[in-house]
Amino acid sequence: MDATVTTGTEESVWGGGNKPLGASYGKMMMWFFIVSDALTFSGFLVSYGFSRFKFIDIWPIADEVFTHVPFFHGNYPMYYVAFMTFILIMSSVTMVLAVDAGHKMKQSKVVIYMFLTIIGGAIFVGSQAWEWATFIKGDYGAVETKGGRILQFVDAETGERAALGDFAKTLPEERIKHEKSEGIWFVGEGYKTSYSLNEVVEGFKSTPNILIRTEYLNEDGEKTVLDRKESLAKIMQATQVVEGANLIHNEYGSRLFADFFFFITGFHGFHVFSGVVINIIIFFNVILGTYERRGHYEMVEKVGLYWHFVDLVWVFVFTFFYLV
Amino acid sequence: MAHDHKLEIFRGLVKFKSNTQKIWGVLVFLTIITAIEVAFGIIKPKALTHNYFLGMKLLNWIFIILTLVKAYYIAWDFMHLRDEKSSLRRAIVWTPIFLIAYLIFILLFEADYVYNVFHDGFLTWDF
Chain A
47 MDATVTTGTE
57 ESVWGGGNKP
67 LGASYGKMMM
77 WFFIVSDALT
87 FSGFLVSYGF
97 SRFKFIDIWP
107 IADEVFTHVP
117 FFHGNYPMYY
127 VAFMTFILIM
137 SSVTMVLAVD
147 AGHKMKQSKV
157 VIYMFLTIIG
167 GAIFVGSQAW
177 EWATFIKGDY
187 GAVETKGGRI
197 LQFVDAETGE
207 RAALGDFAKT
217 LPEERIKHEK
227 SEGIWFVGEG
237 YKTSYSLNEV
247 VEGFKSTPNI
257 LIRTEYLNED
267 GEKTVLDRKE
277 SLAKIMQATQ
287 VVEGANLIHN
297 EYGSRLFADF
307 FFFITGFHGF
317 HVFSGVVINI
327 IIFFNVILGT
337 YERRGHYEMV
347 EKVGLYWHFV
357 DLVWVFVFTF
367 FYLV
Chain B
2 MAHDHKLEIF
12 RGLVKFKSNT
22 QKIWGVLVFL
32 TIITAIEVAF
42 GIIKPKALTH
52 NYFLGMKLLN
62 WIFIILTLVK
72 AYYIAWDFMH
82 LRDEKSSLRR
92 AIVWTPIFLI
102 AYLIFILLFE
112 ADYVYNVFHD
122 GFLTWDF
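Protein sequences appear in the order of chains A and B.
Counting from 47, one number per residue, gives the positions in the first sequence under our numbering.
Counting from 2, one number per residue, gives the positions in the second sequence under our numbering.
To be clear, the hints were calculated from the coordinates, so they are not data collected in a lab.
Note that beta-carbon positions come from the ideal geometry of N, C-alpha and C, so glycine has one too.
Keep in mind that the hints are not guaranteed to be accurate.
[Stated by the list, open to error] With a straight-line Cα cutoff of 30 Å, these simulated DSBU-like cross-link-like pairs (lysine-lysine) come out:
| # | chain 1 | residue 1 | chain 2 | residue 2 |
| --- | --- | --- | --- | --- |
| 1 | A | Lys251 | A | Lys183 |
| 2 | B | Lys45 | A | Lys155 |
| 3 | B | Lys18 | A | Lys150 |
| 4 | B | Lys45 | A | Lys348 |
| 5 | B | Lys86 | A | Lys150 |
| 6 | B | Lys16 | A | Lys152 |
| 7 | A | Lys348 | B | Lys47 |
| 8 | B | Lys86 | A | Lys65 |
| 9 | A | Lys223 | A | Lys192 |
| 10 | A | Lys155 | B | Lys86 |
[Said to hold, decoys possible] On the chain B side, residues computed to face chain A include the following (Cβ under 7 Å):
| # | residue |
| --- | --- |
| 11 | Asn20 |
| 12 | Thr21 |
| 13 | Ile24 |
| 14 | Leu31 |
| 15 | Ile43 |
| 16 | Phe64 |
| 17 | Lys71 |
| 18 | Ala72 |
| 19 | Ile75 |
| 20 | Phe79 |
| 21 | Asp84 |
| 22 | Ser88 |
| 23 | Pro97 |
[Said to hold, decoys possible] Residues of chain A clear of chain B, computed beta-carbon distances all greater than 10 Å:
| # | residue |
| --- | --- |
| 24 | Phe99 |
| 25 | Ala168 |
| 26 | Pro218 |
| 27 | Lys223 |
For reference, chain A alone in the conformation it holds in the complex:
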């Protein structure tokens, strides 16, 4: 026995036939999800803004942090992120073209465009992984003070950043990585730095053309460089060497910057990754002819909405993390 009673009024206004928003159930729910996900992302971005406004005069300058392009040496701020942005917008375009081909019931075209979208997404996720790796590895190295502030080094003559290796002394001392199993169990070194604090401090004292750059921004929006005398006094406050960035230490400046970088781009990257997976599923469904048999390609449209949303979020992340 069928439990559903058909009254024959489903198509009338009071029988549920009215569609005030003119969208199917699935599409409505995708929009509901996107709105709530947009609120999640704005929560993250606004809390990034909170931390930044809280430390407005010491916040790292993104142009100085993200300066690398794969296979090229040198200082190229922004170019790689701009490339990533373009890739994502481009994959958004192929996605709309897939939706458009779906409306016209052109199966083979949908297949091609979906494939290109997946490739674009994969390139983006790969680029992000590379950027994470570069950020974690670090480039110049710095020392951290007791208060958790970062001191970086510059060459007094050129004004260029100086790497720890440029001036640190090699002392005849033996260093061992502090494991959790030895001594105080809850203190462990995640990684062993290339130079000990002692080597950096001694090297700094004997190299007169190296100055310290603090986190503080001056009126021109650049980091303040101390003179030699102030630098010598400041280096005595250093408690440890920092190379690269993780959730606790960050050679680029405020550790919150690294935390938010990992959290926000990580959450976005996770969205891109799941977008790629969902796109692959739909891609195979298109190949198998599922939607051809169903008579419409609305599923492609719904995935498309999600994919564009990921692009939309990146536009904001790009602005607030790399530009502003």
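Chain A is already provided as a structure; the job is to place chain B on it using the hints.
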């Protein structure tokens, strides 16, 4: 449904012949905006970084406005909100805008207050 597309952008200034053409047109527009943003980000003109409006650098205002323009065209043309009923569009757009504007207002004011406490209060965090 979305089978009939509105093919005008910039309030009818540019009209495309087909939906596919409109997509490429919007791509060109978005690429130009991104290029402008990147160029500004690298050059950083002094006139824009040393003048402030409502406590924020003019350059940052430009970035944020260009971002909102990009977001508008992604939502309107790629997510085809332009072709949806206005009731659905308003429900989707204004709800988050209201909530996010409130969130920004309340958190940034609070952060500025915390900054002032750190700056002027009897406590030090840089030692």
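Hint by hint, here is what the structure shows:
| no. | hint | verdict |
| --- | --- | --- |
| 1 | A:Lys251 - A:Lys183 | 26 Å, holds |
| 2 | B:Lys45 - A:Lys155 | 43 Å, violated |
| 3 | B:Lys18 - A:Lys150 | 16 Å, holds |
| 4 | B:Lys45 - A:Lys348 | 40 Å, violated |
| 5 | B:Lys86 - A:Lys150 | 21 Å, holds |
| 6 | B:Lys16 - A:Lys152 | 25 Å, holds |
| 7 | A:Lys348 - B:Lys47 | 45 Å, violated |
| 8 | B:Lys86 - A:Lys65 | 11 Å, holds |
| 9 | A:Lys223 - A:Lys192 | 20 Å, holds |
| 10 | A:Lys155 - B:Lys86 | 28 Å, holds |
| 11 | Asn20 | 5 Å, holds |
| 12 | Thr21 | 6 Å, holds |
| 13 | Ile24 | 5 Å, holds |
| 14 | Leu31 | 5 Å, holds |
| 15 | Ile43 | 6 Å, holds |
| 16 | Phe64 | 5 Å, holds |
| 17 | Lys71 | 5 Å, holds |
| 18 | Ala72 | 6 Å, holds |
| 19 | Ile75 | 5 Å, holds |
| 20 | Phe79 | 4 Å, holds |
| 21 | Asp84 | 10 Å, violated |
| 22 | Ser88 | 6 Å, holds |
| 23 | Pro97 | 5 Å, holds |
| 24 | Phe99 | 3 Å, violated |
| 25 | Ala168 | 20 Å, holds |
| 26 | Pro218 | 32 Å, holds |
| 27 | Lys223 | 27 Å, holds |
Hints 2, 4, 7, 21 and 24, counting from the list given before, are not met by this structure.
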